[in-house]
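Colleague: Below are the chains, spelled out letter by letter.
Protein chains: 4
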Amino acid sequence: DRPLVFISGPCQIESRDHAFRIAAFLKAEAEKAGVPFIFKSSYDKANRTSLKGRRGIGLDEGLKILTEVRSEFGCPVLTDIHDIEQARIAGKVVDIIQIPAFLCRQTDLLLAAGETGAVVNVKKGQFLAPWDMANVADKIASTGNERILLCDRGTSFGYNTLVSDFRGLPIMAETGYPIVFDATHSVQEPGGRGGSSGGKRDFAPALARAAVAVGVAAVFAEAHDDPDHAPSDGPNMLPLEWIAPLLRDLTALDRIAKDRSLAAAF
Amino acid sequence: DRPLVFISGPCQIESRDHAFRIAAFLKAEAEKAGVPFIFKSSYDKANRTSLKGRRGIGLDEGLKILTEVRSEFGCPVLTDIHDIEQARIAGKVVDIIQIPAFLCRQTDLLLAAGETGAVVNVKKGQFLAPWDMANVADKIASTGNERILLCDRGTSFGYNTLVSDFRGLPIMAETGYPIVFDATHSVQEPGGRGGSSGGKRDFAPALARAAVAVGVAAVFAEAHDDPDHAPSDGPNMLPLEWIAPLLRDLTALDRIAKDRSLAAAF
Amino acid sequence: DRPLVFISGPCQIESRDHAFRIAAFLKAEAEKAGVPFIFKSSYDKANRTSLKGRRGIGLDEGLKILTEVRSEFGCPVLTDIHDIEQARIAGKVVDIIQIPAFLCRQTDLLLAAGETGAVVNVKKGQFLAPWDMANVADKIASTGNERILLCDRGTSFGYNTLVSDFRGLPIMAETGYPIVFDATHSVQEPGGRGGSSGGKRDFAPALARAAVAVGVAAVFAEAHDDPDHAPSDGPNMLPLEWIAPLLRDLTALDRIAKDRSLAAAF
Amino acid sequence: DRPLVFISGPCQIESRDHAFRIAAFLKAEAEKAGVPFIFKSSYDKANRTSLKGRRGIGLDEGLKILTEVRSEFGCPVLTDIHDIEQARIAGKVVDIIQIPAFLCRQTDLLLAAGETGAVVNVKKGQFLAPWDMANVADKIASTGNERILLCDRGTSFGYNTLVSDFRGLPIMAETGYPIVFDATHSVQEPGGRGGSSGGKRDFAPALARAAVAVGVAAVFAEAHDDPDHAPSDGPNMLPLEWIAPLLRDLTALDRIAKDRSLAAAF
Chain A
28 DRPLVFISGP CQIESRDHAF RIAAFLKAEA EKAGVPFIFK SSYDKANRTS
78 LKGRRGIGLD EGLKILTEVR SEFGCPVLTD IHDIEQARIA GKVVDIIQIP
128 AFLCRQTDLL LAAGETGAVV NVKKGQFLAP WDMANVADKI ASTGNERILL
178 CDRGTSFGYN TLVSDFRGLP IMAETGYPIV FDATHSVQEP GGRGGSSGGK
228 RDFAPALARA AVAVGVAAVF AEAHDDPDHA PSDGPNMLPL EWIAPLLRDL
278 TALDRIAKDR SLAAAF
Chain B
28 DRPLVFISGP CQIESRDHAF RIAAFLKAEA EKAGVPFIFK SSYDKANRTS
78 LKGRRGIGLD EGLKILTEVR SEFGCPVLTD IHDIEQARIA GKVVDIIQIP
128 AFLCRQTDLL LAAGETGAVV NVKKGQFLAP WDMANVADKI ASTGNERILL
178 CDRGTSFGYN TLVSDFRGLP IMAETGYPIV FDATHSVQEP GGRGGSSGGK
228 RDFAPALARA AVAVGVAAVF AEAHDDPDHA PSDGPNMLPL EWIAPLLRDL
278 TALDRIAKDR SLAAAF
Chain C
28 DRPLVFISGP CQIESRDHAF RIAAFLKAEA EKAGVPFIFK SSYDKANRTS
78 LKGRRGIGLD EGLKILTEVR SEFGCPVLTD IHDIEQARIA GKVVDIIQIP
128 AFLCRQTDLL LAAGETGAVV NVKKGQFLAP WDMANVADKI ASTGNERILL
178 CDRGTSFGYN TLVSDFRGLP IMAETGYPIV FDATHSVQEP GGRGGSSGGK
228 RDFAPALARA AVAVGVAAVF AEAHDDPDHA PSDGPNMLPL EWIAPLLRDL
278 TALDRIAKDR SLAAAF
Chain D
28 DRPLVFISGP CQIESRDHAF RIAAFLKAEA EKAGVPFIFK SSYDKANRTS
78 LKGRRGIGLD EGLKILTEVR SEFGCPVLTD IHDIEQARIA GKVVDIIQIP
128 AFLCRQTDLL LAAGETGAVV NVKKGQFLAP WDMANVADKI ASTGNERILL
178 CDRGTSFGYN TLVSDFRGLP IMAETGYPIV FDATHSVQEP GGRGGSSGGK
228 RDFAPALARA AVAVGVAAVF AEAHDDPDHA PSDGPNMLPL EWIAPLLRDL
278 TALDRIAKDR SLAAAF
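Chains as they are written, first to last, in my numbering: chain A, 28 to 293; chain B, 28 to 293; chain C, 28 to 293; chain D, 28 to 293.
Since the hints were made in silico from the structure, they are not lab data. You may find that some hints are simply not true.
If several chains are the same, the list does not tell them apart, and a pair holds so long as it fits within one copy or across any two.
As the list claims (entries may be wrong) - Computed list of lysine-lysine pairs in DSBU-like fashion (alpha-carbon distance at most 30 Å, straight line):
| hint | residue 1 | residue 2 |
| --- | --- | --- |
| 1 | K227 | K54 |
| 2 | K285 | K59 |
| 3 | K72 | K91 |
| 4 | K119 | K54 |
| 5 | K91 | K227 |
| 6 | K79 | K91 |
| 7 | K54 | K285 |
| 8 | K285 | K79 |
Between the sequences and the hints, there should be enough to build the whole structure, so can you do that?
Modeller: Printed below as a string of structure tokens:
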């Protein structure tokens, strides 16, 4: 029942300078809205739709920049990892390591992530039911690390489309772990542009409002100063000028959602 | 941007006495919450899962009771119609006639409903995309009657399950017609009990909150004094004691949702 | 285990002359292939995507032409009905009356169809699971008429798309009623062209082969001499020159499928 | 247009003795049916639903047994790999390395698999459209290795359920690579038993017949002497006594499917 947390950043770490600019902007907006802020960015995009998609800045350089962002802005940092070795290395550096949705059933990766002792944010696979995430969390918790976040980023619905089933949020919350709603990947259209994924960022604020009204611990939404020219996830990332009104809406809704007295139901 | 309307009542008109008791209760709760109230109940369940499902009190008796509810409680009344003849008869009596989801593509029924001059609430077929509802509304509007409501009651998602895609609300709103979210049918599990439909009423309040946070004109939620023994839709109807806290949450969320300044997006 | 039946014809009865030409062609092809033939055509398209879609020639004229086709070509005729009155009238004239998929849960229509004594072909709603069709068949059979066919024409799969789940054929066959696979509506893209439905006829022969290999009593596939200019269902109807090779494939596959010894499974 | 290939074996390598017994049986049945046979078995189940699922015999022991199976029975062997290191090691030993469905978008794994020079069988992710597999194949082919097989094992359809969309087979075949239909994983119910996956093996023969009638290069179907007590995939593996009638049906259907003259369509 603690107040909403905001997880944001550009999809990729494009450069030290770019990461710093975006982090500075988001951190300032979050402070204005009175929302704790976590900076998210990726050093490698390991599962691009096609070979032509840009991969990223790499593990070493990426972790260096994330460390600097953390010390400069005093905010926790989050990044995603794709194999056991990366889990071990990144887990020593960042506050939260993230398991990508496609990899949320890979037992060894979950165990390695748990063993780092870092907070682990697991995205629900697009192919999984929300109740299946209890088994996923159990794999991580078997390492003794129960600092687990469960994150919804949409469920397969026909081809090249995801749907957000908001019943999934209270269902996953029954595990006792905090729930994150990923608003920008939920509006992705996987593979929807042939050689890359499409998306409809216009729907992300509405889905974020819905998630907060249902009740979540955090909203995850990637943001960029020029999303239409970003190297990945451009169609679904939010432009920076959307952040202030979005946080204003979400914090107001969150206060009501967390103040509910409706004990009989979710 | 007008304040939220609440549409509720028992799935079926079980008797004059029962309808009156539920209407009195709901009307009082709506007044306490400061929400306009519309009474909904059906005189015939024309598409039960199996023959054994109870059909209802019938057109003549049903319309008589609805008229009495309206004059007793001073609230508009809504009922669903299943063929052209019923549209003509009910359209003279009730304030809002409703097109069931399965019938939302039946051209002659839509035209007949439009021609009554009553407000027409059309439910989006479980088999339709939200953007397909513009064609449905056009059929009604071709009669000159533009008093149309578009209502989402869930979309087919695998077998015996519906999912609420909240992107559909702003998409349908692009038609310019007010949007209704049907919270109790959205949590139905069609045919889920073999000879009848199942449902999970526990999720209805969460989905209603989500819809209001996205932005809707009205929430539709059936209610009953003993839902577990109701002749239809028991598993998804709300018990009466859920209504007060639900309306408290929804009205608070609605004020924020309707006060948004986020012009760039939905 | 009787040999495959072929149900075909133009989606609409466009004129007496057109119906005769298509029936003559199809009947001749079916004879060459040694397949019993049933002529199908509609006198009214009651649920077009938009108002602009052409409706059809009407009940009286349509039934007259169907009667003439039957006596001219000596084949049973099938047409679909949309309300109780039409069921009563058409049921006296045609051999098989068909319940459209959207209407397969309308109890009164199913009862009226059963009461005609004609064979009733019910299409599985796109929103229904195959096991739900047992309840649908029971409604018809409650009239004493057990001359029932159950037909699969696809299931909702995301938006504007259907998928054919071939597990549904043996599941529906457990009712004991003959199963029909509708190959051309299964490749429809409902509402996929905005103001009308799209479709991909190229996939219809492959799906028909799949259905026959699984095991069905009949294949339903609409055909037209100029499908790209047909007033309805153009994108999914088959051109006439596809019929001969299709029937050659289907009859060969049917002999193997009906000769199976695999008693342990479907 | 070459005759059907049969890929089969127990889900896991349980022991050298067990692998030999199953391989001997399947090889003999394939010879009787005149079908080329490829032995498949896994040394590690890396993505079990829950931690309690048995993992497998391990890489070193598993590859040793697969090598012995190959030399004893003179059949190619196939196994799945889960990271780059495994790809390199297994790629030197087995004839076909397989990319699991969940991992089909992991670029580095696809490149590593391609670089081994072995044949690569990639399973289509349950979350991917069939046309998305062209990008997946391109990643492998970029290594210069075009010995690629594309395999369909079902697509997410609601929760805990897969559906086989047989349009996907000709769509994937447009890449020019041979298409494999995985009949036993297509009838899996992922996570359907809470702590493990369920499945309905009864439907596997019907879906295999459908795939062959549509046209495929190979059918993949896991088999076991006691599937109900197998350490993994029990509910969907085939008992050994189903193999002979299945191959009889499939080879007969394959002859017809590969002899088609229907040039106009798939």
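Colleague: Now look at each hint and say whether the structure bears it out.
Modeller: Okay, the hints, checked on the actual structure:
1. K227 to K54: For K227 and K54, only the intra-copy Cα distance (25 Å) is at most 30 Å; the inter-copy one is 40 Å.
2. K285 to K59: Classified as both; 20 Å inside a copy, 22 Å across copies.
3. K72 to K91: For K72 and K91, the Cα distance is within 30 Å only inside one copy (17 Å; across copies 35 Å).
4. K119 to K54: within (23 Å within a copy, 51 Å between copies)
5. K91 to K227: Classified as neither; 32 Å inside a copy, 48 Å across copies.
6. K79 to K91: So K79 and K91 pass the 30 Å test inside one copy only (26 Å; across, 38 Å).
7. K54 to K285: Both. Shortest intra-copy (23 Å) and inter-copy (27 Å) distances satisfy the 30 Å Cα cut-off.
8. K285 to K79: neither (44 Å within a copy, 36 Å between copies)
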